[in-house]
Amino acid sequence: MNKIAFTTSGKDFAAQMDPRFGRAANFLIYDIEHNSLQIMDNKEGRDASQGAGIQAAETVVRAGVDTLVTGHCGPKAFKVLDASGVAVYNCTAATVEEALAGLLAGTLQPASASDVEGHW
Amino acid sequence: MTVKGIKKAVRIAVASGKGGTGKTMVSLNLAAMFGRPVQLADCDVEEPNINLFLRCAQLEKSDVTMQIPEVDASRCTGCGACGEICQFHGIVSLGARALVFPELCHGCGGCMRTCPSGAITERPHSIGQVAVGQQGHVRLVEGRLEVGVSLVPPVIRAVREQLLDDMPAILDAPPGTSCPVVATLRESDYVLLVTDPTPFGLHDLKLAVATARQLDLPCAVIVNRAGEDQVGLYHYCRTEKLPVLLSLPDDRQIAEVTSRGDLIAHALPEYGLMFAELAEKLKLELRASGGLL
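Going down the list, the sequences are from chains H and P. Just so you know, the first sequence maps onto residues 1 to 120 in the numbering used here. Just so you know, the second sequence maps onto residues 121 to 413 in the numbering used here.
Treat the hints loosely; a few may be bogus.
To be verified - Pair ranges (Cβ atoms, derived):
(1) Glu281(P) / His119(H): 27 to 35 Å
(2) Glu180(P) / Met1(H): 29 to 37 Å
(3) Glu97(H) / Phe208(P): 34 to 42 Å
(4) Asp115(H) / Gly215(P): 52 to 60 Å
(5) Gly215(P) / Gly102(H): 23 to 31 Å
(6) His119(H) / Glu167(P): 14 to 22 Å
Hints in this document: simulated from the structure, not taken from any laboratory. Note that beta-carbon positions come from the ideal geometry of N, C-alpha and C, so glycine has one too.
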């Protein structure tokens, strides 16, 4: 685990988690090794008429992410993430901070499949 | 219309813009009173309903397929060229083996052509069915989109391909003015636009007229649920030189007969006469197009 992406409606650790992946507002990417933060706007995914999950998965994979923490992840996005070696964690944490704490404490389990249908 | 010197029978598209104006009702009743063998094409492939009224005893079905990519894992190098050319995320390759998402593929074949290692071939993928049936003098051609598929135009094109060239055809279009409607109107000779005298009906009629004119198609208007014209529908038709070929009143009996799955042309003689007159007016209108009737 080196680069973690969180889906969020805001721009920092205190921000709310966005339970959606494909149509999340932003991806907050935390680089553990360099202790740095990066915010990526998911405009393309939000505005896609179809294939938002795939689009979002491509965005985080290209950003070099190896771990994704989100609310829910659909089947197409999961297929792309899984094939690219990204571990997916579903969580119900309210904020990014909380989600990160859960991940580091080992209370979150990596998902072995998508947890919702497409267009949930 | 003339193709390679062979005269084809006319194709009349019934469109509207606004949904629920009575396209299918007009198409069915016009076909019933056409006075000679005619084809009726259900191009509303997302929810075909003509056969609920026609009730053909037998339907001959065939699959509509589209070519989608198939990746040979042993040859794929994960270079990503296929994913870069695909605008629909139908194929994705991020360093790993390319993944295909059939429901997003538009069947352009671009990925196969750009793959430098020849790892992509194509295979047919079913996106719908076309059914052909016969009821009296009406030959039905119905398109039906597979559930979960969003590519409507290829199924409509498959319906058009099943139409016989030597028999007139009435094409019942889907509502709206987007790609599915254009796919229905294209290669038609004449467009009947069904509307109602409501603000929404007139607004969408204007869009539909603009669409038909963009395609260089002559069009006429049929007013359904006609009553007090508070929106200036008839004034608009006069200004735009759109003939109003039929006005159907806002009559409860029409709704009752139609909701039973029957045709007003059969159940209510006065309307049968109106549709027979509509067929005659259309023949006069179409004489100009040079199509065979």
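Hint by hint, here is what the structure shows:
1. Glu281(P) / His119(H): 27 to 35 Å: 31 Å, holds
2. Glu180(P) / Met1(H): 29 to 37 Å: 59 Å, violated
3. Glu97(H) / Phe208(P): 34 to 42 Å: At roughly 37 Å between Cβ atoms, Phe208(P) and Glu97(H) fall inside 34 to 42 Å, so the hint holds.
4. Asp115(H) / Gly215(P): 52 to 60 Å: 25 Å, violated
5. Gly215(P) / Gly102(H): 23 to 31 Å: 29 Å, holds
6. His119(H) / Glu167(P): 14 to 22 Å: Holds - the Cβ-Cβ distance for His119(H) and Glu167(P), about 19 Å, lies within 14 to 22 Å.
Comparing the model with each numbered hint stated earlier shows that hints 2, 4 do not hold.
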